[in-house]
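Visitor: All chains, please: the whole structure from these sequences, using the hints.
Chains as they are written, first to last, in this note's numbering: chain A, 5 to 395; chain B, 124 to 417; chain C, 277 to 555.
These are computed hints drawn from the structure, not numbers from a lab.
There is no bait here: all hints are sound.
Taking lysine-lysine pairs in the BS3-like style, the calculated list, with each CA pair at most 30 Å apart, reads: (1) Lys333/B to Lys135/A; (2) Lys404/B to Lys380/C; (3) Lys380/C to Lys333/B; (4) Lys112/A to Lys333/B; (5) Lys333/B to Lys78/A; (6) Lys333/B to Lys109/A; (7) Lys106/A to Lys333/B; (8) Lys25/A to Lys78/A; (9) Lys462/C to Lys133/B; (10) Lys380/C to Lys133/B; (11) Lys404/B to Lys135/A.
Facing chain C, from chain B, some residues (calculated, C-beta under 7 Å): (12) Glu131; (13) Arg132; (14) Thr150; (15) Gly238; (16) Val240; (17) Gly371; (18) Gly384.
The C-beta atom is built at its ideal place from N, Cα and C for all residues, glycine as well.
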Amino acid sequence: MAGIQFDGVTKRYPDGTEAVKKMDLSVEDGEFMILVGPSGCGKSTALRMIAGLEDISDGELRIGENAVNDLAPKDRDIAMVFQNYALYPHMTVRDNMGFALKLAKVDKAEIDKKVEAAAETLDLTQHLDRKPANLSGGQRQRVAMGRAIVRDPAAFLMDEPLSNLDAKLRVQMRTEVSRLQQSLGTTTVYVTHDQTEAMTLGDRVAVMRGGALQQVATPKELYADPVNLFVAGFIGSPAMNFFSAEAENGKVRLPMGEVDLPQDLSGASGKLIAGIRPEDFEDADLVGEHRGSGFEFEAPIEQLESMGSEIYAYFKHEGEAASSDELSELAADIGGGDLPSDAHGRAVARLDPASEVRQGEKARLWLDPARIHLFDPESGHSLRTREKEPA
Amino acid sequence: MSERARSERKLAWMLCAPAVIAMLLVTAYPIIYAVVLSVQALDLRFPDEGGFVGIDNYVTVLTSPLWWQTVGNTVFITVVSVSIELVLGMIIALIMHRAIFGRGLVRTSVLIPYGIVTVVAAFAWFYAFDPETGFVNALPFVAEDMAWFGDRFSALSVIIAAEVWKTTPFMALLLLAGLTTIDEGLYEAAKMDGANAVQRFFRITLPLMKPAILVALLFRTLDAFRVFDSIFVMTAGSQGTESVSILGYNQLISRLNLGLGSAVSVLIFVLVLLIALAFVKGFGTSVPGREEEE
Amino acid sequence: MQRGTREYTLWSIGLLIVVLFALVPVLWLLMLSFKTPDTVSDGSFIPNAWTLENYTGLFEGGFESPLLRPLINSIVIALVATTIAIALASFTAYAIARLDFPGKGAILGGALAIAMFPPISTVGPLFDMWRTLGLYDTYAGLIIPYLTFALPLAIYTLVAFFREIPWDLEQAAQVDGATPLQAFRKVILPLAAPGVFTAAILVFIFAWNDFVFAISLTSSDASRTVPAALAFFTGESTFTSPTGNIAAAAMLVTIPIIIFVLIFQRRIVAGLTSGAVKG
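Guide: Next up, the structure:
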């Protein structure tokens, strides 16, 4: 087992485009690291560079103590789970899982023992002599995992391994992957575009965009203290609401009204972008004892989506929409229109299911000023983390 | 059955009828007719002597050393040329598939032999090896007075070379098509599993290409078995280089012995049928024409 | 893992060998066709004395010339056979790709069997039948076997192409207000055209290439095609060897096909392989 270090690693294609730009990242021994970002952000390329399937144009990549830039994949002691599983269609499950060991000239009995042990863990024992074509999607996925496990490698690399499963199975396998990684304790780098997967699986999450790392942090930090507009908008579902704002003398003017700035941001001033997560709003009638510590406002509810355990209330606000190059890029990056705070002055609040707000009527909403995020509209950096960790 | 389904069937059959009838008329009917001719003594040079002779013509053919020599030649040409083509075709297909540059150039070049009329190709090779006009004998390590077409083995070698040259492109293209159906991810997975290039070829590429290889082999084997044009142009069957098709032609058209010639035709048909059956057995489930499962 | 110069060198050598392998015999024939009768036997690859007489000689005497009639025969026969074969194959392929009916497998299987059929086995019976029917040594006598033996190739190629056509578009066009005929003409036909064209090229090459039927079912320049004519070439006089003329004639029938093949190479490759892989 070993850690993985990216040291100024760059991937440059012959036409000059850079898929990964001077990436510095340190994955600790035994850590579960997630690479997340929209498609084309370079996360898969980064993973494939670890695997040795892509050449490294610049910088150094180390697995354990050794620079592996020039090592062939087979000499890197890593196993990979591919998005489409890449199971050998002409081999049985047993042969698929034992292929690497067979190539490594491991003793036949030893291979059988390892394959059977892995099959046992993954509940594949009764399918060992089938061909991949005769397996269900979930079973194929488990064979792909099994193929990685039997090798007992220094690190697992997983490239969107769950994306070909249906929603229910995906949640199930997510738990499975997490359990396996914990019990094996093997360093794992996992690529996904799904921020929910990233937040639930990883010890730490590295958010990438346009080939550059944005922030590397635990899921909790990422959620609480996003370093820039991109991370703030990308992490969390529904996404964070953005408002144009102006700060002055410890107060910030939002479309809904003037709110006291949280303590650590009291020095902010000038035109800014404020970000408020949907879950930091609440139906004012349901807040209870904290009601006094927050800010109350009235807003017309345009649309309600009841999810059972919560209600998404889309409300209208009067201010102009927050505008920033960063924001429009973000919207484009994550597929446009995905940001609830679109140009029409709409925002979303996540309310307790007990709320009795009605579609088409005005409602009294409450927000927690301590949870407001402020961003510089030019650079997109968060004012809270700007000093600590320049992106 | 619904009215709609019934009318769909009717339409389908009507659409297929012309092609099916044409194919039956020019293949099935003649082969039956050939069987009928083959049991008669029918020599157009002596039209008056005729009549039913039973299996006499077959006995004559099957007991003649000439027939067995031509079968031997045909099998020899088929086996040697198809084997060489398979290896060369595979190399060319791999080159095209893994092209660093010049993929278009390779494809363009190999299509030239494909596009050339077989008779023309035969002439090209004939004139190249002909001691009088050729340049081959002027090459180093070749005897200046080597009479390539004066000896059975060397003549067959040139014939095989011409066949290989003309048809390797077809083999290569079929194999390339098979190669491109293999998921690139499998090679990556195999790399991660520690397989080197040779192991990847033998453990991933070859097994997964089995259907494509069998199809290519089937087509080329049956095609090579019909070898006619090259031999006709280069030796016209002299020096014991006749193939079964040349023998059939000589009996039928040159000697106008329709009875004996038809017996040869029927026997060739049976041989081709046997080869095809052997291949279909080798195909197992992946018979062409049947939908392949994913 | 940088791709080294060594790899490039090896690759270039491989490339060169393949290209030489493909081109040398054709170039040899080309060179031969420019040699004068005196130098035709000198064994040198590049002619020592160049001439165009081998070409001009082929057409001396108009219709009595050695090549003009066969050339016309070849073109007409191949074109007619191609047209009919493609028409018949299109009907069949449409039915197989689009309609549900019993016997589909039998037709495809039968077509495959015919693709493997030894033509020499039908030569005798056809020779006899054509003489009785008066088709011996006529265009029709060659067109019929050509189109039949080309049908399997055409059907397989067209079925593969037709299966790729998004037929839903036909309905979409009808919803958009097109009549069934308009939908077919404006939507389906343009989509099907490349496949039909590809199949036509392959059938044409097949018919152009044939030799067995051409020498068995013809007896004169009235219907003899170029490959057959080449085999029966004699020199301009009994004293000159026809080598130069044959080489020139060979180049004349080869060059148009090569140009054709090169222009449509993508289509041809797709056509040749589509049937075999998906078939």
